[in-house]
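Peer 1: Sequence:
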Amino acid sequence: MKPRTPDRGPGRFTAGAGERPAPQDLAAGAVPADANTSAKASANTKAKASANTDATAPPPPTRKQPPSLDQERSRPPQQPDDAPPRTPPSHPPHSGSRRSDDVSGGSGEGPTLPGSGATRPAPTAERPAEGARDQAERVPEAQTDRLRFLETATQRIARGVDLDETLRELRRAAIPAFADAMLVHLRHPLPTGEGQAAEPLVLRLHSVAQGAENTATAAPRGTAEPIQLTVTGRFVESLLARQPLFGDAPEAAPAVAELLEPVGSMPTPPAPGRRLIIAPLYGRHHLMGTVSLLRGADRLAFAGDDLLVASQLATHAAFGVDETMPYGHEASVADALQLTMLPSSLPETTGVRLASRYLWSAGTTQVGGDWYDAIPLPGNRVALVVGDVMGHSITSAAIMGQLRTTVQTLARLDLPPEEVLYHLDEQAQRLGSEHMATCLYAIYDPISQRLQVADAGHPPPVLLHADGSGEVLQVPPGSPIGVGGVPFETVEMPAPTGATLFLYTDGLVESRTTDVWTGVESLRTRLEAAAARAGSPPLEMLCDAVLTLLAPDARDDDAALIAARFEGFPPSNVAYWFLSPQPQTAGRARQLTRRALHRWGLGSMLDATELMVSEVVTNAVRYASRPIALRLLRTEVLRCEVGDDSPQLPRMRCAQAGDEGGRGLFLVDQLSRRWGATMLSTGKVVWFEQQIPEEYRQKGPDAA
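242 is the number that the working numbering gives to position 224 of the sequence shown; each next residue is one higher, with no gaps.
To be clear, the hints were calculated from the coordinates, so they are not data collected in a lab.
Among these hints, one or two may not hold up.
[Said to hold, decoys possible] Listed next, with one range per pair, are the computed distances between beta-carbon atoms:
(1) Ala315 / Pro556: 52 to 60 Å
(2) Asn591 / Thr536: 40 to 48 Å
(3) Asp316 / Glu279: 46 to 54 Å
(4) Asp562 / Pro505: 32 to 40 Å
(5) Pro589 / Thr636: 24 to 32 Å
(6) Ser643 / Asn591: 24 to 32 Å
(7) Arg612 / Phe684: 17 to 25 Å
Predicted model only: the values in this text are computed from it and were never measured.
All C-beta atoms in this analysis are idealised placements derived from N, C-alpha and C, irrespective of residue type, glycine included.
Starting from the given sequences, assemble the full structure and let the hints guide the process.
Peer 2: As structure tokens, this is what we get:
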């Protein structure tokens with residue numbers, strides 16, 4: 019699913035009720051209410067030591083505040099008057115003294131923390147061992163290092179615009195500068211808003227990151243088994259209290275094995291204890307999950323102050339996740355809405371093969387209104403539809419759904435393409451003048467091998483012939499749906515066997531640097547090139563070939579594509595007659611039906627078929643004023659169609675014991691696999707189908 023959240027710049031959050039604490043607070047040793055006592059003591063001790071190092075400074079306040087980052091950078095090092103001169107070291111005391119504007123997770127560049135594994139220079143004659151005063155002088159520097167690290171890390175985390183990216187930036191900030199490996203477990207399901215979170219607490223592994231290369235492995239969605247925390251005691255209470263824990267804390271002991279199970283495949287799995295910190299991902303209202311930070315055996319274990327750093331990192335990440343949840347929920351609703359309005363599968367119709375594709379835009383995080391459809395019609399025909407509602411929003415998707423439903427209803431009335439677009443335009447105007455759309459509607463008849471097309475402001479279809487040549491079909495464009503008052507026009511053209519028709523939305527051919535007509539010509543060229551390479555390429559391969567017409571990052575709009583390969587219908591599998599509406603017509607229809615079934619080797623189906631043909635033709639003779647059409651089609655089923663010029667649809671009723679009629683459709687209902695009636699602009703068609711026995715399906719049309 020695509021992320022749909024606005025960009026969040028760094029520094030967006032400030033400390034306050036229900037907001038992220040500022041990194042300066044933790045750098046100074048200001049411990050949140052949920053930190054442990056040992057961490058508080060460590061921070062206060064360092065603050066006092068820092069106060070004693072500056073003899074010229076005014077008396078400290080009750081709680082010593084560290085200098086700001088700018089002050090710390092501009093202030094030269096100070097030392098007491100009686101201190102001996104010191105020789106600058108040939109290399110920095112530790113890696114944390116290096117300043118970088120970014121934390122590069124891949125290379126490890128950027129500030130690191132004191133005690134994170136860097137070594138200190140050994141004492142020499144020029145540099146004696148540090149005493150208590152030297153240690154005290156190093157405290158402000160350590161605080162500055164921590165401030166720099168947290169400042170850079172929180173800015174990096176704030177770049178995330180969705181859940182995955184926020185956690186990815188957390189990983190890059192923490193590894194390897196602070197830890198060697200990281201596991202993220204998210205609550206399942208993730209709570210949204212202020213509603214009650216699901217109970218009991220269930221955590222699902224989201225990702226595992228490890229190594230200097232800072233590579234992450236995501237748990238496969240829908241396949242990772244959720245980790246049920248059976249311990250609901252002090253460990254869960256600590257998480258809900260927003261308290262980070264060392265791996266050897268009594269509260270964490272029952273859950274460590276389950277949380278660290280994925281790192282068992284590491285070459286040298288880190289041991290828990292003080293080399294593991296479990297920090298809660300706590301958002302504004304709910305616990306979102308946990309982040310487990312680990313250090314390897316070749317690195318110093320975590321210290322008490324590292325709990326504060328881990329808590330700060332987790333807090334910023336949790337607020338980032340929490341911030342994206344409403345947008346993510348809205349995006350998932352929009353995606354679900356759009357997916358339910360697109361066909362889950364395409365119909366399998368004799369005489370044509372279908373394939374489709376849908377691509378989401380890379381240039382917007384909002385759902386679009388593109389759609390496609392294939393609708394079976396009487397006589398093995400199929401209607402092909404593609405449309406695009408202007409705009410990107412849930413409203414666009416909802417309008418798209420209403421228009422698609424309208425097209426399906428109109429198509430089943432078997433209206434010509436221009437009338438379908440006319441009534442669709444009326445429906446769009448009822449929805450509001452601001453909701454406009456483009457649409458292309460085509461009908462393919464495999465028996466006559468003809469194609470009818472009408473266009474409402476949509477890019478023209480492209481036809482790839484069997485010989486590999488491409489053609490942009492000349493169809494009058496018409497006005498978009500919703501404009502009103504403009505007639506539409508249907509054009510009819512040959513649909514040769516072996517040709518492939520492509521209907522698409524403008525997102526497939528148009529971008530910031532490519533106009534529609536240039537893109538359409540590129541589509542035709544791409545299809546010709548694919549056909550030249552593969553001769554007669556499979557339909558699916560052709561669809562995949564045109565998807566790369568535009569680079570993914572250059573596609574500004576959603577793209578829908580439906581392709582139809584015309585296979586035609588063998589004339590030997592069709593029997594067609596026109597009969598005058600006379601009393602003796604029913605007998606003539608039975609005779610013609612008997613002859614056709616014998617030619618197809620379907621003599622075992624003769625009795626039932628003759629009876630149903632007789633009943634349906636008799637009804638047509640009663641109401642028709644013009645010749646009646648009788649057609650038999652042989653595919654996997656035997657289909658019979660009887661058309662007349664009467665608009666009155668037949669209705670099955672239950673005949674009473676003394677009634678002389680009223681049983682015809684009841685017999686059709688009992689003997690056929692299915693039956694129905696289709697309203698036409700010139701009358702109606704009543705049809706029924708029978709399943710052909712398996713042993714007769716493969717016989718040729720001339721079988722006895």
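Peer 1: A separate judgement is required for each hint: does it hold in the structure or not?
Peer 2: These are the hints, each one checked on the structure:
no. : hint                        : result
1   : Ala315 / Pro556: 52 to 60 Å : holds (55 Å)
2   : Asn591 / Thr536: 40 to 48 Å : holds (44 Å)
3   : Asp316 / Glu279: 46 to 54 Å : violated (23 Å)
4   : Asp562 / Pro505: 32 to 40 Å : holds (38 Å)
5   : Pro589 / Thr636: 24 to 32 Å : holds (29 Å)
6   : Ser643 / Asn591: 24 to 32 Å : holds (31 Å)
7   : Arg612 / Phe684: 17 to 25 Å : holds (23 Å)
Checked against the numbered hints given earlier, the structure breaks only hint 3 and satisfies all the rest.
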